[in-house]
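A.B. asks: Okay, here's what each chain looks like letter by letter:
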Amino acid sequence: MLRPVAAFLVVLGGLAAGTPAPALAQGDQGCDLCHGEVELLRQHVPSLAEAERLSVTSSVIAASAHEGESCASCHTGYQRWPHPDGGTTETCVSCHEEAGRLWDSSLHAHPRLDELDPADCASCHGSHDIRWVDELREDDGIRTMNATCVSCHETQAMVPSEPHGDTVSCAGCHAPHGTKGVDDLTAAVAPLAQAATCGACHEEAAEAFPGDAHGAALADADPLALDDLMEAGAEMPATCTSCHGGHGMVAVDDTASLAVHVDACATCHADEADRYFGTYHGKATALGSHVVATCDDCHGAHGIFASAEEASWVHESKLVETCGECHEHAREAFVAYDSHPDPLDPDRNFPLFVTFVFMNALLLGVLVVFGLHTFLWWVRILIDSRRSEATEGSHG
Amino acid sequence: MAEGERGAFDAPALVPLDTAQRGKGPFVWRFTLLHRLLHALAMSTFYVLVLTGIPIRYSCAPFSAELMRLWGGVERAGLIHRIAAGVMVVYSVAFLGWLSMRFIVSKEKLKWLRGYDSMVPDLQDARDFIKQWKWYFTGKDRPRFGRYGYLEKLDFFGEVWGLIIIGGSGIILWFPEFFSQWLPGWSFNLATVFHGYEALIAAGFIFIVHFFNVHLRPDKFPLDAVMFHGRGTLEYMEEEHPALVEELEGRLDGPPSPTAVLDAPAPPPSRVQTFFGAVLGFLALGIGVLCIGMIIWAVAIC
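Residue numbers (this note's numbering), protein chains in the order written: chain A, 1 to 396; chain B, 1001 to 1302.
Hint data in this document are derived by calculation from the structure and do not stem from the laboratory. Note that the structure is a prediction, hence the values are computed from the model and not measured. Every residue gets a Cβ at the ideal spot worked out from N, C-alpha and C, and that includes glycine. Be aware that a few hints might be false.
Taking CB as the label site, the calculated pair distances span [unchecked claim]:
(1) A:His247 - B:Ile1164: 51 to 61 Å
(2) B:Arg1114 - A:Glu272: 53 to 63 Å
(3) A:Ala217 - B:Glu1177: 14 to 24 Å
(4) A:Val320 - B:Arg1069: 52 to 62 Å
(5) B:Leu1283 - A:Glu204: 51 to 61 Å
(6) B:Leu1283 - A:His247: 48 to 58 Å
(7) B:Ile1083 - A:Asp347: 11 to 21 Å
(8) B:Leu1079 - A:Arg331: 56 to 66 Å
(9) A:Ala361 - B:Pro1121: 37 to 47 Å
(10) B:Ile1083 - A:Arg331: 49 to 59 Å
(11) A:Ala217 - B:Gly1286: 13 to 23 Å
What the simulated footprint calls covered on chain B by chain A, stretch by stretch (three residues with Cβ under 8 Å from a Cβ of chain A suffice, anywhere in the stretch; the number is not a length) [as the list claims (entries may be wrong)]:
(12) 1035-1045
(13) 1054-1062
(14) 1170-1178
(15) 1256-1264
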């Protein structure tokens, strides 16, 4: 009962004295005199909701990452009475310079569409109950943070069951302050940056990748050409997400991932994939077997090289070892099997070509000769039975 | 079950469906119990092989994954395929061995090789084949088959040929590491092609040519159950095997033989036999038509 009265006296005093600093003398406790009292605030603002928004006590700040800061650290000028119009007059940037600089380069600061409002510090961090960075790195913090992103990016939510769901924050991949569009070559998730971004956690893969065929293709690519490719939505040299996907990722040890991964390779290596699906390996994989070889079993995953290179798992000198992973007694003749056969290419595998043509001819020959044999038999019987009916009819 | 007795599976309505029971004359034994058992084995193992093989060959077809799930997965289907193949190899080799033994001890070796009783393809079959085509166009001089017409010989030796090609390539594909001691790498690619195409030829021959010739010809439609109950009427035999019936003149006068003895007069099939003959026959026909449907569907979309 006493505090509203005291606050009222302070306000009265302020009004009487022009522009003294009634609250300043008492520090944040002074702010609390009014901003801790919803009923009082309600008398000065048009709605209860507004009153509730303005109702913030210093204890909230003391419990937040800004513990030790006063209200006036952000709300400068508000020690005067009446308070000036507007909201926060001093920006977060005065302390958080780097974050502010990065944010200014981001899509959140400058949305592409005019109808979208920029997302500022408070959009993600909140205002008074800002949490410690360490706190945000814990599971609960990650969930809270991701829920914040998803409140705008509604279609991008990760499900808890996917490998990164609930364990990696959106900002973990998309850069917390300098967030760019996924089609922006300077984004943390852009092809050239993926090895570093994903590599922050997946060190081993990131180390192997730049040296292999995919990494080299990416490194050799002209960034301007990449930009054009990206704008055209065309195929890019493969990076982490090309094979693993981003949102909706499937764990590599998930049996459901086998076909997914082959499909990922097939987006670029369509011809090889087609021919793979013509073999038992491919057919069994397509039908859900988890045992037979898929692309990475023979070619590796992060250290892939052209088969002509000695570092490749499928280089002539390595085949016995690579195939031997599954086929215990693999030997030279065994690994000479063509695992991506093209029966229509006589230059690639002549005996196979001849066999394929011969068997097709045999099949066609049998079907034509005996198909006709069957059809004409049917016709003959029909003709004969018509005739005998006609004869019987004429007699009858 | 005694003749004329009504059983639990009373099915007189099924009799007219069975070509072998149509027409006049006493019944004649055409297939012994051994023949029929072997045919039942051949039929069931063939179906298992086809139904486990189709989804692998046409893995791109929408029904294949579903069919594989029914078998319990690719690995299980593979195991079942190998077991059925093993059974087929065993009974085929055993029967061929048994035939060879009987041929060796036979005193009428020429009868095995030539004439109305022979199962061995000869020049007469070539002449019959040409005659058959002439008959299609002229309607005259239809070939007169003996115990086995050229299509039946083709059915039998087609299976022997298929067993060699499909079984041989199959065992190479089953143990490629072992066979790579002697065979070059590309032979496994070839084995895959041989296995798949020869199997397709076999399935096409059985499900189109054999089915039509035996069951679906307008004059035999819808079912010839002679292979299930083992006997047919004399009129049926005259129609299908005139050269054999000529030789049987005067040998059909005795009392019906209750056990299946080739060319002996037979009692009519019991109602139970008629019932199961029809059920088995239509079941087999249905599965076969389903297989052909799946193959055509897969070829059309893959």
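A.B. asks: All hints, please: hold or fail.
C.D. replies: Hint by hint, here is what the structure shows:
1. A:His247 - B:Ile1164: 51 to 61 Å: holds, 55 Å
2. B:Arg1114 - A:Glu272: 53 to 63 Å: holds, 57 Å
3. A:Ala217 - B:Glu1177: 14 to 24 Å: Given about 35 Å between the Cβ atoms, the range is violated.
4. A:Val320 - B:Arg1069: 52 to 62 Å: violated, 35 Å
5. B:Leu1283 - A:Glu204: 51 to 61 Å: Taking Cβ atoms as reference, B:Leu1283 and A:Glu204 lie about 58 Å apart, which means the hint holds.
6. B:Leu1283 - A:His247: 48 to 58 Å: holds, 50 Å
7. B:Ile1083 - A:Asp347: 11 to 21 Å: About 40 Å separates the Cβ atoms of B:Ile1083 and A:Asp347, which means 11 to 21 Å is violated.
8. B:Leu1079 - A:Arg331: 56 to 66 Å: violated, 26 Å
9. A:Ala361 - B:Pro1121: 37 to 47 Å: Violated: the Cβ-Cβ distance is about 22 Å, outside 37 to 47 Å.
10. B:Ile1083 - A:Arg331: 49 to 59 Å: violated, 28 Å
11. A:Ala217 - B:Gly1286: 13 to 23 Å: The hinted range 13 to 23 Å is violated for A:Ala217 and B:Gly1286, with Cβ atoms some 55 Å apart.
12. 1035-1045: violated (count 0)
13. 1054-1062: holds (count 5)
14. 1170-1178: holds (count 4)
15. 1256-1264: violated (count 0)
In the structure shown, a violation is registered for the earlier hints numbered 3, 4, 7, 8, 9, 10, 11, 12 and 15, in ascending order.
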